[in-house]
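Enquirer: Take a look at the letters that make up each chain.
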Amino acid sequence: MRPEVALPILLPLLSGAISLLFWRSRPMQRFTAVAGNLALLGVALWLLVAVKLDGYVVIQMGGWQAPYGITLVADMLSAVMVVMTAIIGLTLSIYSLASTGPGHERFGFYPLMHLLLAGVAGAFLTGDVFNLYVWFEVMLVASFALLILGGEKAQMEGAIKYVTLNLLASVIFLSAVGLLYGMVGTLNMADAAQRLAVAEHQGMVEVLAVMFMVAFGIKAAAFPLFFWLPASYHTPPVAVSALFAGLLTKVGVYALFRVFTLLFDQTLGYTQDILLWGAALTMVTGVLGAAAQFEFRRILSFHIVSQIGYMILGLALYTPLAIAGGIFAVVHNIVVKTNLFLISGITRRLQGTYELKKMGGLYRERPWLAVAFFLSAFALAGVPPLSGFFAKFVIVRAGIEAEAYVVTAVALLVGLLTLYSMVKIWNEVFWKTLPEDNLVPAEEVLVGDDSRMVPPSLWLMYLPVALLALFALLMGIFAEPLMAMMNQIGDQLMHPQGYIDAVLGAEVGVEDVLIEAPEQEETP
Amino acid sequence: MEPVMAVAIGMLYAAAIFLMLRRSIVKLVIGLMLLSNAANLLIFTSAGMIRGAPPLIPEGLPAPPGAVADPLPQAVVLTAIVIAFGVLAFAVVLIRRAYEIVKADDLDKMKETDT
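Chains as they are written, first to last, in full-length UniProt numbering: chain A, 1 to 524; chain B, 1 to 115.
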């Protein structure tokens, strides 16, 4: 039995249950949030070490042999993503101690956050395609409730688009799962991969591949399916925005990487072009959309879309190096994008608005905040020696090696435009002097975010920002060991036989059944 | 049986998409309901339909004799129905709240957050 694979799912569920039990006790919920996520980080690191040692860690739920039961499996990609989930969960729970007011906490912010993390971790760890759908729904339902927390008009309008398009994506995904089962008679991804390779109707496999691509493309916010994201991500409380920005779209990207390297690697001749040009258009539309905006969180939302393009480009180029670069971009983006949203929350707290035109003078007022923003923003734009540079460098190099010159040129140009947007924020928020008509409107802050202008609580907001900025810097400085890990991911994804053997391999299954059996005898 | 089901499922998908393209948020949610029902029937049908043969193993035999209905898609559909029920319950509450706040049943009046 390998408990470390199941624990990243069970722990947030447990924390969620505990905070539901203490529905009325605010201190207890806050304590559970931090302690639960700290424990989650510990378990996630345990999983990472176990995967580093063994390559793949597999458990069969209930001791049912692989193609029949539900398998939880962690390869390097899953383990890294679970660690990132835990890091974001921990930093956000600290941040929301100060940023989420009592009004939002009373309506279940913390239990929902735990359930969301459980759904995300479940999606990363499952080896069963219907189970993946279930985890997606767990994550979605929690995100729906978080999105409308507070119930303002903009949130309702954003939520209708978010809910509709995400449900549409779920139904497409579910239909694809049904057709997949009709074709190969299995829901286990490793088993399905083997059977799809020898399937009779390869045309049907291509249809399935495109259905999965559309479903996960909507969830990942790829062009032309991204419109729900900039319409909704700037509406909820800032801690929720940051949580969504860091994790939700990346689950869609993860699912794309998983199904296109494992299930549909033989249809790539057909789907690769769509992914490649989809990636290029995603990068361009995202960054151009951001250039037109003058609201802090809207700019960042469009940049999420633009950065998704880099990740999908890594998948579309389909070499071990490109995949390593794509996952590097995912990891780097989770940290940096979350941090930028957290910083937007602090500036909002300080100056009472998200409108760039009304802000200013923070470089003089809060130099360390400016440094944290500088590190994150320039990491996002890909300035060396920060983390984004290496992600971009690897992808561009893989692009040149694959002779996809046009798309590679687009990637470089988009980097420049990203820098433009980040410099725009820097100039407006930190560099220029505060416009005279902006009195800090304390009442508006109080009503809108029901946050308090209490200075002592602000360090709880600075701490996670400082941690994440430092992390982005360290990812750049120690890019070498990180890149070794990414290369291992690229290698594992490009050779799915290892994954298939680990899931279906007789040794693992039998061993688990043998361990399970005596336990079952004891229970009655 | 399968051709009839296929036509019915296709009509459900078409009706759902048609309703979702309307401007009324109530019709939008009805469209979502039809869509999830269509997906459930699709799973049920694509796995193959066998009538009157429950997957029961008679006493003393190691496996059921002859072809039996596949229980797995039924379990999958059951799970999907429960999930759809929960999600749609949320959607119904959401459109009610949205109607109270925006004071309109019209998606064209909800464009403030678009860019």
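Do not take every clue at face value.
Think about it this way: if two alpha-carbon atoms lie no more than 25 angstroms apart in a straight line, the pair counts; the simulated DMTMM-like pairs of lysine to aspartate or glutamate are [what the hints assert, rightly or not]:
{"id": "1", "chain 1": "A", "residue 1": "K153", "chain 2": "B", "residue 2": "E59"}
{"id": "2", "chain 1": "A", "residue 1": "K153", "chain 2": "B", "residue 2": "D106"}
{"id": "3", "chain 1": "A", "residue 1": "K424", "chain 2": "B", "residue 2": "E112"}
{"id": "4", "chain 1": "A", "residue 1": "K153", "chain 2": "B", "residue 2": "D108"}
{"id": "5", "chain 1": "A", "residue 1": "K358", "chain 2": "B", "residue 2": "D108"}
{"id": "6", "chain 1": "A", "residue 1": "K357", "chain 2": "B", "residue 2": "D108"}
{"id": "7", "chain 1": "B", "residue 1": "K109", "chain 2": "A", "residue 2": "E355"}
The hints are simulated quantities; they were obtained by calculation from the structure and are not laboratory data.
Enquirer: The structure should be examined with respect to each hint, and the outcome stated for every one.
Expert: Hints, verified against the model:
no. : hint            : result
1   : A:K153 - B:E59  : violated (62 angstroms)
2   : A:K153 - B:D106 : holds (14 angstroms)
3   : A:K424 - B:E112 : holds (24 angstroms)
4   : A:K153 - B:D108 : holds (14 angstroms)
5   : A:K358 - B:D108 : violated (29 angstroms)
6   : A:K357 - B:D108 : violated (28 angstroms)
7   : B:K109 - A:E355 : holds (23 angstroms)
Of the numbered hints listed earlier, those contradicted by the structure are 1, 5 and 6.
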